[in-house]
Amino acid sequence: MKLKLFILKVNKYMNEVFCCVMRGLIRKKGRSLLTIIGIAIGVTAVIIISNISQCGAVAVSSELDSLGVGGLSVSLDNTNADSDAVLSDNELNIIKTSSYVEKAMPLIFQTATVNSRGENTQALLWGIDQNAKEVISLKLMYGRFINKGDIATNARVCLVDESFAKENFGYSNIVGRKITALCSGNYENFEVIGVIKTGSGLLQNMMGNYIPTFMYLSYTTMQELYAMSDFHRIAVKISDGAEPDIVGEKLVKALSTETGFQNSYIVESMAKQKEGLSQLMNIVTMILSAVGGVSLFVASLSIMNVMLVSVGEKKREIGIKKAIGACRGDILNEFLIEAFILTMSGSILGVILGIVISFIGAFMLGISIIIRYDIIAFTVIFALFTGIVFGIYPANKASKLKPVDALRGE
590 MKLKLFILKV
600 NKYMNEVFCC
610 VMRGLIRKKG
620 RSLLTIIGIA
630 IGVTAVIIIS
640 NISQCGAVAV
650 SSELDSLGVG
660 GLSVSLDNTN
670 ADSDAVLSDN
680 ELNIIKTSSY
690 VEKAMPLIFQ
700 TATVNSRGEN
710 TQALLWGIDQ
720 NAKEVISLKL
730 MYGRFINKGD
740 IATNARVCLV
750 DESFAKENFG
760 YSNIVGRKIT
770 ALCSGNYENF
780 EVIGVIKTGS
790 GLLQNMMGNY
800 IPTFMYLSYT
810 TMQELYAMSD
820 FHRIAVKISD
830 GAEPDIVGEK
840 LVKALSTETG
850 FQNSYIVESM
860 AKQKEGLSQL
870 MNIVTMILSA
880 VGGVSLFVAS
890 LSIMNVMLVS
900 VGEKKREIGI
910 KKAIGACRGD
920 ILNEFLIEAF
930 ILTMSGSILG
940 VILGIVISFI
950 GAFMLGISII
960 IRYDIIAFTV
970 IFALFTGIVF
980 GIYPANKASK
990 LKPVDALRGE
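Just so you know, we're using the numbering used here here: the sequence shown kicks off at 590 and counts up by one.
Take the hints with a grain of salt, since some may be wrong.
[What the hints assert, rightly or not] The calculated SDA-like cross-link candidates involving lysine to any residue, where the alpha carbons are at most 25 Å apart (straight line), are:
#1 K826 - E838
#2 K826 - S726
#3 K737 - V764
#4 K722 - R706
#5 K618 - N922
#6 K842 - R822
#7 K722 - N775
#8 K786 - K842
#9 K826 - T848
#10 K722 - A744
#11 K986 - K842
#12 K839 - S726
#13 K728 - F698
#14 K617 - K989
#15 K692 - F734
#16 K722 - K826
#17 K826 - I981
#18 K618 - V978
#19 K722 - R766
#20 K692 - R822
#21 K786 - E756
#22 K842 - N852
#23 K786 - R733
#24 K755 - R822
#25 K826 - N922
#26 K755 - E838
#27 K728 - G830
#28 K618 - S899
#29 K618 - K839
[As the list claims (entries may be wrong)] Just the calculated beta-carbon pair ranges, DEER-fashion:
#30 V873 - Y815: 34 to 42 Å
#31 E780 - D963: 46 to 54 Å
#32 Y776 - S828: 15 to 23 Å
#33 L622 - I909: 26 to 34 Å
#34 S828 - L729: 18 to 26 Å
#35 Y815 - D963: 43 to 51 Å
#36 M933 - G765: 55 to 63 Å
Please keep in mind that the hints were generated in silico from the structure rather than gathered at the bench.
Glycine included, each C-beta is placed from N, C-alpha and C at the ideal position.
Based on the provided sequences and hints, a complete structural model is requested.
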């Protein structure tokens, strides 16, 4: 029974304090609104930066996945005078015979100018074979992949990425359309047999024409067009459960033994490159979020300024309250609750704005939105913490006022 009465008494007390604080905030609604907006801007900045950065990291990671970051890439060290700049069928066969290798595919890459419907676009041509789907994780949206028949006949067929299709034709499914490419000084016509979803929309939206589109041809077609019999790299898909580093060492040893070229082969683990890029993206996100955090910190300082002004304006009110029995704790609670309400209101507004603007930004960049609820929670907690901390000094100053001094000061 006593506990119930105590709870009712506390509830009544808090309601009275809350109503008193709200009346004060409404009387000074202009100043209160500016303070809330300042907090909201800081919270919004942190949320937008973290969400868009996370979306960018995921999109770039997806783009790298589509280029085979889950496997290995074998190439020759061009700085070694005893080795050639390209790989041959001999190296490809050695790699394919390894028990640790599930599939291996030659890779050739060249830049070219692609013309479609009168528009020129810079493109990166990739020479691949029928294993592209498994080895470099290409995701087919429409049409089909390069097959053995295309490789045997050096067919003039290609796959393009979705962003190229939308940019040049206005829609994704352009299977059957013709594309002209300037290859090694000659114009060649290609039929589009497939459209690939590569995730490169982020890069193209952010950097425009500085990042070329991707076209995928049969590697034998590339060899014919550029008068070459070898290839630049070999993409390797390792067996399930195999360690990339160990497989890489064994491949280098096998290649060096079979060909006689020592210290000439480079095996890169695409997973490590992806991990390094992810760490870099996380660092960039942290730095940008810290900048947003500074704006939130500065906004929290405005709470102290507003409340110090409020203390000066409420001297007479504080004096009267103390004269009729209000204790120091009552005054302290009133000002701390005011700081809490201002900070919480700004945080809620900031979260709403941050999420809405993040959705808009992700839509404009052509990427899927990823809401970091942990970042949102941390930002709100940080805002509340700084708001209350900066509210303690003016609250303490107000609570220490003596009734006589407060009334005389008025």
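Structure-based check of all given hints:
Between K826 and E838 the CA atoms are separated by roughly 15 Å; this keeps the pair inside 25 Å, and the hint holds. Under the criterion of a C-alpha separation no larger than 25 Å, the hint pairing K826 with S726 is consistent with the structure, at around 10 Å. Only pairs whose Cα atoms come within 25 Å are accepted, and K737 paired with V764 is accepted, the gap being roughly 19 Å. Pair hint K722 plus R706 does not hold up; C-alpha atoms about 29 Å apart against a cutoff of 25 Å.
A threshold of 25 Å between alpha carbons decides the hint, and for K618 with N922 the separation of about 20 Å falls inside it, so the pair holds. Annotation: proposed proximity of K842 to R822 holds, straight-line Cα distance about 17 Å (limit 25 Å). The hinted pair formed by K722 and N775 fails the criterion: a straight-line CA distance of about 29 Å is larger than 25 Å. Pair hint K786 plus K842 does not hold up; C-alpha atoms about 36 Å apart against a cutoff of 25 Å.
Taking the CA atoms of K826 and T848, the gap is near 22 Å; set against the 25 Å cutoff, the hint holds. Pair hint K722 plus A744 holds up; C-alpha atoms about 18 Å apart against a cutoff of 25 Å. Restraint check for K986 and K842: the C-alpha separation of about 75 Å exceeds 25 Å, so the hint is violated. A hinted pair counts as satisfied when its Cα atoms are at most 25 Å apart, and K839 with S726 qualifies at roughly 24 Å.
Distance check on the hinted pair: K728 and F698 sit about 19 Å apart at the alpha-carbon level, within 25 Å; holds. With a C-alpha separation of about 23 Å, the suggested pairing of K617 with K989 holds against the 25 Å cut-off. As the CA atoms of K692 and F734 are separated by approximately 16 Å, the hinted pair is consistent with the 25 Å bound. Between K722 and K826 the alpha-carbon distance is near 11 Å, which keeps this suggested pair within the 25 Å criterion.
Only pairs whose Cα atoms come within 25 Å are accepted, and K826 paired with I981 is rejected, the gap being roughly 61 Å. Distance hint between K618 and V978 is fulfilled; the C-alpha atoms sit about 22 Å from each other, no more than 25 Å. Distance hint between K722 and R766 is fulfilled; the C-alpha atoms sit about 22 Å from each other, no more than 25 Å. This hinted pair checks out: K692 and R822 have alpha carbons roughly 14 Å apart, not beyond 25 Å.
For the hint pairing K786 with E756, the CA-to-CA distance comes to about 14 Å; that is within 25 Å, so the pair holds. Taken as a hint, the K842 and N852 pair is honoured in the structure, with Cα atoms around 9 Å apart against an allowance of 25 Å. A threshold of 25 Å between alpha carbons decides the hint, and for K786 with R733 the separation of about 13 Å falls inside it, so the pair holds. A threshold of 25 Å between alpha carbons decides the hint, and for K755 with R822 the separation of about 30 Å lies outside it, so the pair is violated.
In summary, the hint linking K826 to N922 is not supported, as the alpha carbons are separated by about 65 Å, beyond the 25 Å threshold. Restraint check for K755 and E838: the C-alpha separation of about 42 Å exceeds 25 Å, so the hint is violated. The suggested pairing of K728 with G830 holds, with an alpha-carbon distance near 23 Å, which does not exceed 25 Å. Note on K618 and S899: the hinted pairing holds, with a Cα-Cα distance of about 12 Å set against a maximum of 25 Å.
With a C-alpha separation of about 72 Å, the suggested pairing of K618 with K839 is violated against the 25 Å cut-off. Against the hinted window of 34 to 42 Å, the Cβ-Cβ separation of V873 and Y815 comes to about 37 Å, which satisfies the hint. In this structure, E780 and D963 meet the distance hint of 46 to 54 Å, their C-beta atoms being roughly 48 Å apart. About 43 Å separates the C-beta atoms of Y776 and S828, a value inconsistent with the hinted range of 15 to 23 Å.
The given range of 26 to 34 Å is respected by L622 and I909, whose C-beta atoms sit roughly 27 Å from each other. Checked against the given bound of 18 to 26 Å, the beta carbons of S828 and L729, roughly 24 Å apart, stay inside it. The hinted window of 43 to 51 Å between Y815 and D963 holds, with their beta carbons roughly 50 Å apart. Separation of M933 from G765 is about 58 Å and conforms to the stated range, judged on CB atoms against 55 to 63 Å.
Of the numbered hints listed earlier, those contradicted by the structure are 4, 7, 8, 11, 17, 24, 25, 26, 29, 32.
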